[in-house]
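Colleague: Here is what each chain is made of, one letter per residue.
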Amino acid sequence: MSTRIVVEGLTKRFGSFEAVTDVTFTAPAGAITALLGPSGSGKSTVLRMIAGLEEPTAGRIVMGDEELTVKSVQERRVGFVFQHYALFRHMTVADNVGFGLRVRKEDKAVREARVRELLELVHLEPFADRYPAQLSGGQRQRVALARALAPAPKVLLLDEPFGALDAKVRQDLRRWLDELHRELGVTSVLVTHDQEEALELANQIVVMHEGRVEQVGSPGEIYDQPVTPFVAGFVGAANVLNGEVIGGHVHLGSIRIPGAAHLDEGAAAAAFVRPHDVRVASGDGDVSAVVERVASLGWLSRVSLRLPGGETLVAHVPNDELHGVGEGDAIRVDLRNPKAFLAPHETSAREEITSPA
Amino acid sequence: MSAVATPKVRGRGWLLAACLVWVGVLLLVPLVGIVITALQPGIHVVTQTLSAPDVIHAVELTAVITAVSVVVTALFGVVVAWVLVRQRFWGRSLMNAAVDLPFALSPVAVGLAALVLFGPGGWLAPFFEARGIQIIFALPSMVLVTVFICVPFTIREVVPVLEEIGLDEEDASRTLGASVWQTFFRVTLPNIRWALTYGVALTTARAVGEIGAVLIVSGLLQGKTETATLFIFRAYEERQIPAAYMVALLLAAVSVTLLVVIEFLRHRQERERSRT
Chain A
1 MSTRIVVEGL TKRFGSFEAV TDVTFTAPAG AITALLGPSG SGKSTVLRMI AGLEEPTAGR
61 IVMGDEELTV KSVQERRVGF VFQHYALFRH MTVADNVGFG LRVRKEDKAV REARVRELLE
121 LVHLEPFADR YPAQLSGGQR QRVALARALA PAPKVLLLDE PFGALDAKVR QDLRRWLDEL
181 HRELGVTSVL VTHDQEEALE LANQIVVMHE GRVEQVGSPG EIYDQPVTPF VAGFVGAANV
241 LNGEVIGGHV HLGSIRIPGA AHLDEGAAAA AFVRPHDVRV ASGDGDVSAV VERVASLGWL
301 SRVSLRLPGG ETLVAHVPND ELHGVGEGDA IRVDLRNPKA FLAPHETSAR EEITSPA
Chain B
1 MSAVATPKVR GRGWLLAACL VWVGVLLLVP LVGIVITALQ PGIHVVTQTL SAPDVIHAVE
61 LTAVITAVSV VVTALFGVVV AWVLVRQRFW GRSLMNAAVD LPFALSPVAV GLAALVLFGP
121 GGWLAPFFEA RGIQIIFALP SMVLVTVFIC VPFTIREVVP VLEEIGLDEE DASRTLGASV
181 WQTFFRVTLP NIRWALTYGV ALTTARAVGE IGAVLIVSGL LQGKTETATL FIFRAYEERQ
241 IPAAYMVALL LAAVSVTLLV VIEFLRHRQE RERSRT
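Residue numbers (the numbering used here), protein chains in the order written: chain A, 1 to 357; chain B, 1 to 276.
Any given hint might turn out to be false.
In silico contact screen, one side only, chain A against chain B (beta carbon under 8 Å); selected entries [said to hold, decoys possible]:
(1) 51
(2) 73
(3) 77
(4) 78
(5) 80
(6) 82
(7) 84
(8) 86
(9) 90
(10) 104
(11) 147
Heads up, incomplete: computed chain B residues facing chain A, CB under 7 Å, no partners named [what the hints assert, rightly or not]:
(12) 175
(13) 176
(14) 177
(15) 182
It should be emphasised that the hints constitute simulated quantities derived from the structure, not laboratory data. For glycine and all other residues, C-beta sits at the position ideal for the given N, C-alpha and C.
Please take these sequences and the hints and turn them into a complete structure.
Modeller: Structure follows, in structure tokens:
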């Protein structure tokens with residue numbers, strides 16, 4: 001029942017604006033593929049083209065052995081879950097779930113059995129006769145999922161399915177979707193701007209930026225081996241240190257960061273270092289820094305450091321490895337696993353440390 | 001609704017009284033006047049007037065014109081509203097403005113425009129005359145001008161609802177395997193049904209009461225192209241005062257009933273919207 005999806009050279013122009021440029025990837029059968037990117041990166045447009053809700057300007061989509069590009073939405077048999085649920089507000093929960101079978105002229109008995117089965121799957125049997133307006137956001141999205149799954153689609157497409165929900169519900173639903181997917185094994189494509197969501201749920205991540213694919217890989221590959229500065233900065237928190245390539249190292253004043261052997265001598269480069277790769281534990285690292293602030297985030301602390309050249313550096317340190325480091329201390333730190341890239345043309349040295357992940 | 005708090009304002013009583021007098025005197029007194037005048041000669045005037053052939057014909061004609069106008073404007077109104085909201089094309093804003101034209105034009109002007117097109121020596125007159133089709137001074141032109149005048153009502157009711165609902169439900173329906181028609185009848189239409197009903201009620205009230213445009217294109221042929229409003233007009237001229245008032249009362253009754261129905265529908269729609 002599971003089918004892979006191949007997307008090849010997909011391009012979409014709206015008037016003179018190119019929303020999606022030459023996007024190519026394969027969503028493996030039975031896996032969850034996440035399209036991850038900031039808003040406006042074209043990921044939803046790619047998903048809508050797979051569903052047939054938008055027509056590609058160029059490129060093709062193949063599902064299994066079927067060429068999808070020429071088929072209408074109706075013929076594609078994909079399940080689609082919308083960010084804002086898109087439940088039919090004038091129908092009960094049961095009628096919503098049964099809609100796909102009703103329009104395909106399924107037998108009434110078959111339909112009713114299938115509706116019961118799916119309501120059970122999403123744990124909403126007692127709500128069969130309610131209207132969408134009488135449900136909470138999380139319940140509505142579960143109805144939407146049951147509705148999408150009812151006609152037994154070959155693939156499931158989810159467009160920011162948890163985007164409209166609050167943090168706690170989002171966590172619960174994410175875990176629940178993970179379990180559901182393990183049970184059903186239906187090929188799924190999930191659009192999200194939330195890197196945590198992508199890392200937790202997906203078997204494969206396609207990182208998108210300004211309509212293009214930046215990198216395709218497993219969550220581990222995307223996190224540990226980013227191939228572009230965008231991926232390094234967008235997936236997971238990172239310190240960005242701008243310098244010059246000298247002898248295979250990125251130099252910022254007296255600081256030498258290794259890992260730039262692949263870059264041209266003398267080029268402007270940016271080194272990305274994750275906050276948890278800034279080690280203060282040993283106390284005898286290569287880089288000297290002054291502690292500006294220590295903030296406790298529970299089991300770990302965020303240590304803000306000032307480098308001799310004036311750059312700031314954020315470290316995430318488990319509390320039991322702090323060893324009494326306090327504000328105003330001059331210490332030495334180690335920078336582990338740096339990733340060096342040619343500096344992006346727009347020199348926006350973002351140092352966004354968002355989550356302690 | 002009852003939970004609305006009304007802060008104590010000095011002079012609130014006076015304000016309310018002024019509003020009541022305004023609404024009462026301006027709107028209700030004339031209505032009461034019609035009822036009293038119509039029934040003054042005695043109850044027999046009711047049966048007498050309403051069984052007169054002229055009156056029966058006039059009321060029937062108004063019913064036919066109204067029915068056709070309602071069906072035509074509702075049908076095309078939904079299509080135009082859908083196109084205005086869902087499609088982006090060159091000339092869309094022009095079309096959007098053109099829809100309101102009948103609100104801005106005096107019905108008499110609409111009647112005169114119809115004369116220019118279909119009247120004796122009119123631009124399109126030779127075409128229809130050659131085929132023996134009578135447009136002016138006959139039912140077709142009367143329906144035509146009424147439809148013209150009623151065009152905006154359905155569209156203006158349906159457009160904001162379609163805009164509010166957005167595209168998601170229609171998209172969802174299509175991904176679930178519904179055809180364009182199934183999507184329209186099972187998803188779009190149920191969502192706009194109250195707006196559409198409201199539009200139809202307004203169209204009916206307007207079509208029943210129309211006189212200006214119809215007066216010009218009808219040719220005032222008694223017993224042939226005389227609608228209920230035109231009957232009132234003539235009966236009054238001919239000093240058949242009780243008959244004129246009786247038919248006016250009938251039209252008023254239709255309009256008041258519609259008003260009540262409209263209020264009821266609006267409440268329902270508000271309740272439905274507040275649920276989401």
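Colleague: Would you list, in rising numerical order, the hints stated earlier that this structure does not obey?
Modeller: Checked against the structure, no hint fails, so every one of them is satisfied.
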